[in-house]
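Enquirer: Please take these sequences and the hints and turn them into a complete structure.
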Amino acid sequence: MLKFTIRRLLVSLPQLIILSLLIFFLASLMPGDALSGVIDPNIPAEAIERQREMLGLNNPWYIQYKDWVINMLQGDFGNSYFKKQPVLDVIGDRLMNTVWLSLFSAVLIYLIGLPLGLVSGRYNDTFLDSVITGYTYLGFATPTFMFGLLMLLVFGYNLGWFPTSGSVDAKVTPGTFEYVISKMYHLVLPAFSIALIGLVGTVQYLRSGIIETKQKDYVTLARAKGVSESKVYTKHIFRNSIIPIAAFFGYEITGLLGGSIFIEQIYAYPGMGRLFLESISTRDFSVANVLILMYGFLAIVGALLSDIILSIVDPRIRIK
Amino acid sequence: MSEYLLEVKDLKVHYPIKGGFFNTTKDYVRAVDGVSIRIPKGKTYGLVGESGSGKTTTGKAVIGLNHVTDGEIFYKGEKMNSGKKVDVSSEIQMIFQDPYSSLNPRKRVFDIVAEPIKNYHRKSKDDLIEEVLGLLNKVGLPPGSLYKYPHEFSGGQRQRIGVARAIALNPELIIADEPVSALDVSVQAQVLNFMQEIQQEMGLTMLFIAHDLGVVRHMCEWIGIMYHGRLVEEGPAEEIFNNPQHIYTKRLIAAIPDTNVDNIERNLQRREEVRIEYENHFHEYLDENGKPFPLVSISENHKVALPPKGGEQVNA
Amino acid sequence: MTKFEDEKRKLDKQELNEDRERLDKDMHEKTHSTKNDSFSKDRTDATPHDIDTHMQANPGASGEGHGAIDQESLPRSTPGWRILIQEVIHDKLALFSFIILVVITSYVFGLTLFLKQSEIVFVDLFAINEPPGDTFRLGTDYGGRDVFGQLIIGTRNSLAIGFLVTGISVGFGVVYGVVAGYFGGHIDNIMMRIVDFFMVLPFLMVIIVYVTISPDYDILSFSLIMAAFLWVGTARLIRSVAIQEKELDYINASRTLGSSHIKIIFTQLLPNLVGIIIVNATLNLAGNIGIESGLSFIGFGFPEDTPSLGTLMSYATQTQTLRHRPWIWAPAAILILVLMLCVRNVGEAMRRAGDARQRNA
Chain A
1 MLKFTIRRLL VSLPQLIILS LLIFFLASLM PGDALSGVID PNIPAEAIER QREMLGLNNP
61 WYIQYKDWVI NMLQGDFGNS YFKKQPVLDV IGDRLMNTVW LSLFSAVLIY LIGLPLGLVS
121 GRYNDTFLDS VITGYTYLGF ATPTFMFGLL MLLVFGYNLG WFPTSGSVDA KVTPGTFEYV
181 ISKMYHLVLP AFSIALIGLV GTVQYLRSGI IETKQKDYVT LARAKGVSES KVYTKHIFRN
241 SIIPIAAFFG YEITGLLGGS IFIEQIYAYP GMGRLFLESI STRDFSVANV LILMYGFLAI
301 VGALLSDIIL SIVDPRIRIK
Chain B
1 MSEYLLEVKD LKVHYPIKGG FFNTTKDYVR AVDGVSIRIP KGKTYGLVGE SGSGKTTTGK
61 AVIGLNHVTD GEIFYKGEKM NSGKKVDVSS EIQMIFQDPY SSLNPRKRVF DIVAEPIKNY
121 HRKSKDDLIE EVLGLLNKVG LPPGSLYKYP HEFSGGQRQR IGVARAIALN PELIIADEPV
181 SALDVSVQAQ VLNFMQEIQQ EMGLTMLFIA HDLGVVRHMC EWIGIMYHGR LVEEGPAEEI
241 FNNPQHIYTK RLIAAIPDTN VDNIERNLQR REEVRIEYEN HFHEYLDENG KPFPLVSISE
301 NHKVALPPKG GEQVNA
Chain C
1 MTKFEDEKRK LDKQELNEDR ERLDKDMHEK THSTKNDSFS KDRTDATPHD IDTHMQANPG
61 ASGEGHGAID QESLPRSTPG WRILIQEVIH DKLALFSFII LVVITSYVFG LTLFLKQSEI
121 VFVDLFAINE PPGDTFRLGT DYGGRDVFGQ LIIGTRNSLA IGFLVTGISV GFGVVYGVVA
181 GYFGGHIDNI MMRIVDFFMV LPFLMVIIVY VTISPDYDIL SFSLIMAAFL WVGTARLIRS
241 VAIQEKELDY INASRTLGSS HIKIIFTQLL PNLVGIIIVN ATLNLAGNIG IESGLSFIGF
301 GFPEDTPSLG TLMSYATQTQ TLRHRPWIWA PAAILILVLM LCVRNVGEAM RRAGDARQRN
361 A
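Residue numbers (full-length UniProt numbering), protein chains in the order written: chain A, 1 to 320; chain B, 1 to 316; chain C, 1 to 361.
Everything labelled a hint here was simulated from the structure, so no lab data went into it.
All values reported here derive from a predicted model rather than from experimental measurement.
Idealized CB from N, CA, C, for every residue including glycine.
In silico SDA-like pairs for lysine to any residue, Cα to Cα no more than 20 angstroms straight-line:
hint: 1; chain 1: C; residue 1: Lys-92; chain 2: A; residue 2: Tyr-137
hint: 2; chain 1: B; residue 1: Lys-12; chain 2: B; residue 2: His-228
hint: 3; chain 1: B; residue 1: Lys-118; chain 2: C; residue 2: Ser-259
hint: 4; chain 1: A; residue 1: Lys-171; chain 2: A; residue 2: Ala-268
hint: 5; chain 1: C; residue 1: Lys-263; chain 2: B; residue 2: Ser-101
hint: 6; chain 1: B; residue 1: Lys-250; chain 2: B; residue 2: His-302
hint: 7; chain 1: A; residue 1: Lys-171; chain 2: A; residue 2: Asp-93
hint: 8; chain 1: B; residue 1: Lys-125; chain 2: C; residue 2: Ser-259
hint: 9; chain 1: B; residue 1: Lys-123; chain 2: C; residue 2: Ser-260
hint: 10; chain 1: B; residue 1: Lys-9; chain 2: B; residue 2: Pro-40
hint: 11; chain 1: C; residue 1: Lys-246; chain 2: B; residue 2: Val-88
hint: 12; chain 1: B; residue 1: Lys-18; chain 2: A; residue 2: Leu-2
hint: 13; chain 1: B; residue 1: Lys-12; chain 2: B; residue 2: Ser-51
hint: 14; chain 1: B; residue 1: Lys-41; chain 2: B; residue 2: Glu-78
hint: 15; chain 1: C; residue 1: Lys-263; chain 2: B; residue 2: Asp-111
hint: 16; chain 1: C; residue 1: Lys-263; chain 2: B; residue 2: Arg-122
hint: 17; chain 1: B; residue 1: Lys-85; chain 2: C; residue 2: Gly-185
hint: 18; chain 1: B; residue 1: Lys-9; chain 2: B; residue 2: Gly-71
Examples of chain A residues lying across from chain C (beta carbon under 10 angstroms, computed):
hint: 19; residue: Ile-18
hint: 20; residue: Met-146
hint: 21; residue: Tyr-157
hint: 22; residue: Ile-280
Expert: Okay, structure coming up:
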């Protein structure tokens, strides 16, 4: 187990290095550099040039790359060109907002998706199953942004049940109970918009997994031994059908993080995705770069997590 | 120029076992571990053994489907392998075990049988059709099969398509890898007889791989018996069947079913004797790695893998 | 993936049953005309007669045996991929979806021959945000542009980019996956590490950055940059199927018959993957249309003078438009939904075709 994890970590390391190289070069293609964020436009050109030399911006790329990586490892991600403050400060709360949104959506996906999949697989080809399957069909065909827009229109504007923008009410003070409630309240609509569309994959996976497992000989054997029908499902079928879904957990989380970009835009939710779009439209590439790096890093961690979970739930992987 | 069409000298095929932290090679699976075979022109050599004994690996190595770890393969006195790779030759062809997976389900019979011809000769479409129809006729399939797909045929007919494809290039050596083991028993004899006819007609040499001794006795002039990647006994078919020397061979031959009801008692008794001898002495026939010993000649053609010393006592 | 393999076997078996009757008849007629009496017996229990056929089939007479045959009249069988299409035709919902798709596609591509993109995106300040009426069938947007015209051109652009991205990404992914799967070993290892890397790239962001910093991009370059990230799914799928397929003996047989690796991959292996490739491409098409409209929606797809369905949707990000001017975005939303549903229906029907055979057999 430990051996597998360490080996898997070793695979992630080069991925991280290549990712950082890629973003480094992407950054060099973008207009602006570290100086754009800190200096006054009125300073004469020679002074800027001296400053550039001092900051090592005229060094060959590999030295710049090395400095960049070392700075990041020390927690220095540079300055925002636009907001003239450290990138990390700009990202700050935005990161947590997105993490909350993704976690809340993930919980909803499993809370709603697993029972639906279970019912649909157990009672396949019944009326209930056709309703659920019909829903997954529609869900697959609906882009998240469209569904989010519809939810916003119906529950946000027409019914007025939920707030239509922001992540928290401006009037409440941080740290109070009302603050937490307000945050949750703002999360409901975006999270449901993501989850109700995002769960169709889980439902379909679980359904086909259960239908497949149902026909396995060991399930027939369990029945023949007189195991009760509900136990057959909980102990034998569900446990085996859940494996691919459990293993997909890490990818699911990174998918949610990356996919929240549309929903954050629609609900004007101050998360990383919205920040990314803002920084792109204000040409604040220093922030955009760090965000891409973060998303990439999270994706690598997600893939790592998925593989480790898979090795726990499915011992066959470890042997390989 | 030797009198043997195919000579395999000390063939070894090893597969690495990967493991450990850095996925390094820990050990090898010695699928074939020093096998030497000589097949005279026009004869059929039967390679017999249980599953995993390395007989199929040997056959595939000869035709170039497996890499060769060590050893030499000579065809018509010419060395076929350099390093790990074995040359593919139009004169050596193979008939596969599974008539279902060995024919591409998306290809018509014409495409299947014409494939080798297209690879080696430039021919017009009409000539190709002509030639394929000739081959189909030879293996006893009607011309109407030409544009059909493999799934439209029975197992026996599929194997005939496989034979037609194998003989399309007028090969001299055919490697038949358990060609009938996937077929119904009722069809086996038909396909075997038909293969013998083709062999005589075309003067083919055959390396016949099988686990069924009855089939081998029917088909082969020479027999080699394999166990754990090595030969335990080798010689002319009649010699092996009438005078088996290795304990493993003895047990195999004792296990051949006999349809004569009168012999039931005698067979049962003989099998029991062989079984007891086998269980008591089999380990003495293997070296410390559980492998058979090198072959020793006990007569002009007959070779047996007897223990280096004290073999006589065990035998008695 | 073993499941797919099974499906295919079962598929073949079923085919066999269906064709058997016709086959017997064919064989009957054929054998009479060729005087090969040994085969005039019922083929369904061919096995017992196998032996006398080879006794009687006289190899010496082969020349005369087939010389007289009219090659054109030899029986031909249905190729495997056509079964897939037949299955879709039997599935009423899928057939309906397919017809809708064809109608929409030919309608928008036909109509755009007569519509000028520059006229439609022409800003008319005297006709801003007009609801549907006589002059503008579906009203106008905030620039006074005709929504109906934009819808037609937008659908065309969305479809075109969907097809283009799918074509490029699936084409590349198939070749990549089949090469990795066929050769295996170190080649596969290296190729799959590259795929793993693409899997963790935040591709939406990279595309957005590209769109922002690239001064001039058109349908082709936009499709290329999308395809550059979307081929990995297909590559992984095809590789896993190819790994199983290459273990089958017909691949070995081709090797011993002297076919080169390239020839085996493209003429032996690939034809057996056609079914799964078609299904994958169809499902990808729906996904790609969705991704493109999403990108246009947040303003990083095409510029406004090249509208797509997502561009019309993006007007809905303005609260007033979303709440009070549904004629601008609702038709586009419905069209996206219909297109995606139809494409998926067809794809799922093809996939189910395999499943159903599996259950019946």
